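J.: Residue strings, one per chain:
Number of protein chains: 2
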Amino acid sequence: MPEKTIEVKRDIRAERRAAAERFRRQLESRGTCIVRLLSSPGAGKTTLLEKTAQRLNHHYSLAVLVGDVETDRDARRLAPFAPTKQITTGGACHLELPLVQRALPDLGERAFDFLFIEDVGNLICPASHDLGEHLRVIVLSTTEGDDKPGKYPKAFRTSQAVVLSKLDLLPHVPFSVAAARQDALSVQPNLKILPVSALTGEGLDDWCAYLEAKRREIAEPVDLAAEVEQIR
Amino acid sequence: MPEKTIEVKRDIRAERRAAAERFRRQLESRGTCIVRLLSSPGAGKTTLLEKTAQRLNHHYSLAVLVGDVETDRDARRLAPFAPTKQITTGGACHLELPLVQRALPDLGERAFDFLFIEDVGNLICPASHDLGEHLRVIVLSTTEGDDKPGKYPKAFRTSQAVVLSKLDLLPHVPFSVAAARQDALSVQPNLKILPVSALTGEGLDDWCAYLEAKRREIAEPVDLAAEVEQIR
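As they're listed, the protein sequences go chains S and X.
Taking numbering that gives the first Met the number 0, I'd label the letters of the first sequence as residues 0 to 231.
Taking numbering that gives the first Met the number 0, I'd label the letters of the second sequence as residues 0 to 231.
In isolation and in its complexed conformation, chain S is listed as follows:
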């Protein structure tokens, strides 16, 4: 069969990047910091969000969009702690921006300080899609092994932080925090590494402080000229 070239007149990827950028700016202008969590299935994204919501709830308004191939199990777990909407992809292996934009009104009219997006459990495909997040965080559990960053590099290369979850299981699993850190930093030297046990609470203070600092960067962009003026 002869090969045939089909000319596509639109750069779909550039359009998608621009749409994500518009969404990011739109929510930023309402004071919302979008935090997106990526991980393998069962790394602890939902449990981390349960605990995070219970802490941030006291000082911030927050909401959650949670993606899964099927079922609304995660939304039912998170609903007690924050307005939550389940996005069911019906087979697709990652969330895309139109799904997020369509689900957003279901969270209500109000602007939130934090919008958490929990993507479908998959350490590969979601990394290729920008959902307009300000902060992309990988949750890597100690039970998965410390060799994962190099084996799944794109997710680590495109993220700003790694939560090393299930720290409480360290005595029972062959996992070296130092090795995981080194492997992650060899993929992306600027990654913030945050070891956490959602079960015992270890590391949750640092994680929440990190989120608060990131939100301040979004909500109150540093105006250097004004600061210099003030000092004078």
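Just to be clear, a hint being listed does not mean it is correct.
Given that identical chains are not distinguished, each listed pair holds provided it fits within a single copy or across any two copies.
[What the hints assert, rightly or not] The calculated EDC-like cross-link candidates involving lysine to aspartate or glutamate, where the alpha carbons are at most 20 Å apart (straight line), are:
1. LYS84 - ASP146
2. LYS3 - GLU14
3. LYS84 - GLU95
4. LYS153 - ASP71
5. LYS153 - GLU69
6. LYS50 - ASP167
7. LYS84 - ASP105
8. LYS191 - GLU201
9. LYS213 - ASP112
10. LYS84 - GLU108
Calculated directly from the structure, the hints in this document are not laboratory data.
Predicted, not measured: the structure shown is a model, and the values here were computed from it.
Got chain S sorted already, so can you dock chain X onto it with the hints?
T.: The following block gives chain X in isolation, referenced to the frame of chain S:
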């Protein structure tokens, strides 16, 4: 922009199914049973194969093809126990048949009793691709949570068996074997459920016996007519 329909004259999916079926029959005729493992990243596929190879090695010839997005870490782990070839996808989230067929000659001329294929760590995308395997097995670790079958149904629907791995961690994680079993069977009632700890060896005898029985089904297809004849 006006919509445009591009007519595709080939049914690519049917072609792929036929190619997988040919590959399956081809290896079957050489006495090879192809066992493919699917799982999330870090569920324990490689460790299970290390232990399986060490047991089956005594009575069978075996070989391993192992898929990853990047690195040859898994092949280096498995090479001491069986001829092993790493397939690196360079970004792709699953293996496809042409990759398997291209890698096969690197395992040598000899026909193997078992060819194990460890797919890329991903509980979604690999389930949509037939690599010509006789047996598709999901490895679900106790650390991932007992709610995963319903959330990632296609992998469970298209498999014949589930290895519940990391059984030794049961005292430390919120996982019910009964709940996982029930959830998996509600997706696919004929699934064989095999709880295993590769670390302590628990369940490995049952797992290996299951593999041996499956191979016998492939290598010595039951000829009912001949059996009836014999009884007469």
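J.: Next step is simple, just say for each hint if it's right about the structure.
T.: Status of the hints after comparison with the structure:
1. Within a single copy, LYS84 and ASP146 get their C-alpha atoms only as close as 33 Å, which misses the 20 Å cut-off; across copies the closest is 19 Å, which meets it.
2. Only between protomers do LYS3 and GLU14 lie at most 20 Å apart by alpha-carbon distance; the minimum there is 19 Å, versus 25 Å within a single protomer.
3. Only within a single protomer do LYS84 and GLU95 lie at most 20 Å apart by alpha-carbon distance; the minimum there is 15 Å, versus 35 Å between protomers.
4. Taking identical chains as interchangeable, the C-alpha atoms of LYS153 and ASP71 lie at most 20 Å apart only when they sit on different chains, with a minimum of 16 Å there against 28 Å within one chain.
5. In the homo-oligomer, the alpha carbons of LYS153 and GLU69 lie at most 20 Å apart only across protomers (10 Å), although the nearest pairing inside one protomer, at 25 Å, exceeds that limit.
6. Taking the shortest Cα distances, LYS50 and ASP167 sit within 20 Å of each other inside one copy (15 Å), while across copies they are farther apart (26 Å).
7. For the homomeric pair LYS84 and ASP105, the shortest alpha-carbon distance inside one copy (7 Å) is at most 20 Å, but the shortest distance between copies (49 Å) is not.
8. Taking the closest pair of Cα atoms, LYS191 and GLU201 come within 20 Å of each other only inside a single copy of the chain (17 Å); across copies the shortest separation is 38 Å, beyond that limit.
9. In the homo-oligomer, the alpha carbons of LYS213 and ASP112 lie at most 20 Å apart inside one protomer (11 Å), although the nearest pairing across protomers, at 55 Å, exceeds that limit.
10. Taking the closest pair of Cα atoms, LYS84 and GLU108 come within 20 Å of each other only inside a single copy of the chain (14 Å); across copies the shortest separation is 55 Å, beyond that limit.
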